[in-house]
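Q: What follows is each chain in one-letter form.
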Amino acid sequence: MTRPTTIERKLTTGNEAIAEGAIQAGCRFYAGYPITPQNELCEYMARHMPEVGGTFIQSESEIAAINMVFGAAVAGARAMTSSSSPGISLKQEGISYIAACELPAVISNMMRGGPGLGNVWPAQSDYFQATKGGGHGDYHLIVLAPATVQEAFDMTKEAFDLADRYRNPVMILGDGILGQMMESFEMKPAKTRQPSRKKDYILDGCKGRKPRVIQSLFLEEGMLERLNDKLQAKYRRIERELVRYEELNTNDADLILVAYGSSSRIARAVMRDARVKGLKIGFFRPMTLWPFPTEAMRKLAKPKRAFLVIEMSAGQMVEDVRLSIEGRAPVYFYGRSGGGIPSEEAVFAEVRKALKKARSKVK
Amino acid sequence: MKKIFSYPKSLKPAETHYCAGCGHGIIHRIIAEVIDEMGLRENTVAVAPVGCAVVAYDYFNFDMTESAHGRAPAVATGIRRTLPDRLVFTYQGDGDLAAIGTAEIIHAANRGEKISVIFVNNAVYGMTNGQMAPTTLLSQKTETTPLGRDAERDGYPLKITEMLASLPGVKFLARKSTHSPQEIAKAKQAIRDAFKIQRAGLGFSMVEILSACPTCWGLSPKESLDWIKNRMVPYYPLGRIKEPESELAET
Chain D
79 MTRPTTIERK LTTGNEAIAE GAIQAGCRFY AGYPITPQNE LCEYMARHMP
129 EVGGTFIQSE SEIAAINMVF GAAVAGARAM TSSSSPGISL KQEGISYIAA
179 CELPAVISNM MRGGPGLGNV WPAQSDYFQA TKGGGHGDYH LIVLAPATVQ
229 EAFDMTKEAF DLADRYRNPV MILGDGILGQ MMESFEMKPA KTRQPSRKKD
279 YILDGCKGRK PRVIQSLFLE EGMLERLNDK LQAKYRRIER ELVRYEELNT
329 NDADLILVAY GSSSRIARAV MRDARVKGLK IGFFRPMTLW PFPTEAMRKL
379 AKPKRAFLVI EMSAGQMVED VRLSIEGRAP VYFYGRSGGG IPSEEAVFAE
429 VRKALKKARS KVK
Chain X
14 MKKIFSYPKS LKPAETHYCA GCGHGIIHRI IAEVIDEMGL RENTVAVAPV
64 GCAVVAYDYF NFDMTESAHG RAPAVATGIR RTLPDRLVFT YQGDGDLAAI
114 GTAEIIHAAN RGEKISVIFV NNAVYGMTNG QMAPTTLLSQ KTETTPLGRD
164 AERDGYPLKI TEMLASLPGV KFLARKSTHS PQEIAKAKQA IRDAFKIQRA
214 GLGFSMVEIL SACPTCWGLS PKESLDWIKN RMVPYYPLGR IKEPESELAE
264 T
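These protein sequences, in sequence, are chains D and X. Note that the first sequence ends on residue 441 in this note's numbering; no numbers are left out. Note that the second sequence ends on residue 264 in this note's numbering; no numbers are left out.
Hints in this document: simulated from the structure, not taken from any laboratory. The reader is advised that the hints may include incorrect statements.
[As the list claims (entries may be wrong)] Calculated from the model, a selection of chain D residues having no Cβ within reach of chain X, i.e. all distances over 12 angstroms: (1) 199; (2) 264; (3) 302.
[Claimed, not checked] Pair by pair, the computed Cβ-Cβ distance ranges are: (4) X:233 with D:288: 34 to 44 angstroms; (5) X:242 with D:130: 16 to 26 angstroms; (6) D:216 with X:252: 42 to 52 angstroms; (7) X:157 with D:297: 17 to 27 angstroms; (8) X:27 with D:312: 28 to 38 angstroms; (9) X:27 with D:304: 20 to 30 angstroms; (10) X:125 with D:421: 48 to 58 angstroms; (11) X:71 with D:267: 32 to 42 angstroms; (12) X:125 with D:130: 18 to 28 angstroms.
Note that the structure is predicted; figures quoted are calculated from it, not measured. We treat Cβ as the ideally placed atom computed from N, Cα and C, and that holds for glycine.
Using the sequences and the hints given, assemble the complete structure.
A: Quick look at the structure:
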């Protein structure tokens, strides 16, 4: 793909849009290990990273890939790896170290069915391991959830800026549908992006300064707790500054559909259809999964209103919806897992059931 | 009065936490001397392992990071590919490199990564109080081989340096020891040659160094040096295992 000088429309897969977005964001280091359904990303990087003088490495494992990204970030590069669910499980060790060392890095995760080896079909089975830390210790990734190829491209470009701004790993969380589906999207002129501030922590040789250390081991009493306090203060700041969501037809809604990523496109279609049929259905889509739009959800929890969470999992994000709403309104769930995709018909049937249950509760 | 002995610039004037008779202090010092002599202190980025040397950055006086257990060669790969004109080396123990990190060391070596690895072999997991390492000798007693390492049950001591010798991307391999001043001088020369190979952009280089762990071996420092010489060296023969022809002849 040639980098445009004017706005151009492109037709490509989500995986390739993420790869191109990364290159345009100044990513110059990619290491990854093949896994379906995200191989197009890895292959795109192999073809195009050399064009911009960047490094592409097909690593021996997911574990090595994330540790290479750790090293590249230590040395000051904008660095990225990508994988899908079982591969992300392997990367969790490295992600914990990256978070602890406050290094910027971007990780793309096109989720597939689990647990275990699972299958290669689309799923949203990694919400927990993406938003709750995933590896050991008290930490968070910033998790962006694109629903379209356009968003996959835009959010990836932004992910590198966020990673640098907060010195924190950022995950692009999509699924096999988004990764492999081709959609037309608008590519704005490429400009070389620079980190928003000078990197005064990287290791590049101690010329003219004192040696630096990047570490996550703190044995002295109280030191690790101080690091954790600092990380938590950063996470609170991210929660204040970064929450993003989309909200449609919620004002008069009796029932609000809550979904992210691919399942949000199904939920949105059901909402539109239901409105045509005269049902007062709203739509709420978290675009940042961490930080989760807790306050926005809480404000929507009003008397005589219920929520229906739609996921391609056995019920993961629904826990955060319930925590946000804190019992102020009924929260129902409908999900398919293991590669099953909710049909509009099935979701619509769930909408009718939820409305009925909510009404009987109100009485 | 003329000062004839002091800390190399590449070492911080710090007291180490290493036990009496431990080889890490010696190996730190000869690495630091080589880096000083090559004028590379301000051009070096090193990676500490998980193991007793995890806090090597408290002692070395140049840029350092630490990696997850066994992953140092992958971390060094990311650093060296990003900063191709810096000296990048890992400092790893036998558990780190030859057990949990076998995939990372073999594949970094096989890619011919232009990094150097200082591999400290003391035949035991020192930091966790002396369990069996992949390099533990047969019949050697450790916390997890209380009756001695048994090949039938525990497998054989791993000669990872010899394993790496078959890989075309590997340009320099040596096994040296710290059991006498003469051997230490040879180890220092090997470290210098490994760094030279890297600076010349030839490929992967590694120096395995046999080192004492009196605490976990249950021996005095003097007995430990004899144990290296009489027990380790026969199984782990010293020498230059792989090197480019010409220019780097041992001095």
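Q: State for each hint whether it applies.
A: Hint-by-hint comparison with the structure:
Remark: the non-interface label on residue 199 (chain D) is consistent with the geometry, its nearest Cβ contact in chain X lying 29 angstroms away (cut-off 12 angstroms). For residue 264 (chain D), the requirement that its beta carbon stay farther than 12 angstroms from each beta carbon of chain X is met, with the minimum near 32 angstroms. Against the 12 angstroms criterion, residue 302 (chain D) stays outside the reach of chain X, whose nearest CB is about 14 angstroms from its own CB. For residue 233 (chain X) and residue 288 (chain D), the Cβ-Cβ distance of about 39 angstroms falls inside the hinted range of 34 to 44 angstroms, so the restraint holds.
Our hint of 16 to 26 angstroms for residue 242 (chain X) and residue 130 (chain D) is violated, since their Cβ atoms are close to 54 angstroms apart. Remark: the range hint 42 to 52 angstroms for residue 216 (chain D) to residue 252 (chain X) is upheld by a beta-carbon distance near 49 angstroms. For the pair residue 157 (chain X) and residue 297 (chain D), the beta carbons lie near 24 angstroms from each other, so the given range of 17 to 27 angstroms is met. Taking the beta carbon of each, residue 27 (chain X) and residue 312 (chain D) are about 31 angstroms apart, inside 28 to 38 angstroms as hinted.
Take residue 27 (chain X) and residue 304 (chain D): their Cβ atoms lie about 22 angstroms apart, and the range 20 to 30 angstroms holds. In this structure the hint that residue 125 (chain X) and residue 421 (chain D) lie 48 to 58 angstroms apart at CB holds, the actual value being about 52 angstroms. Evaluation of the 32 to 42 angstroms hint for residue 71 (chain X) and residue 267 (chain D) yields a failure: the beta carbon distance comes to about 48 angstroms. At roughly 23 angstroms, the beta-carbon separation of residue 125 (chain X) and residue 130 (chain D) lies within the given 18 to 28 angstroms, and the hint holds.
Checked against the numbered hints given earlier, the structure breaks hints 5 and 11 and satisfies all the rest.
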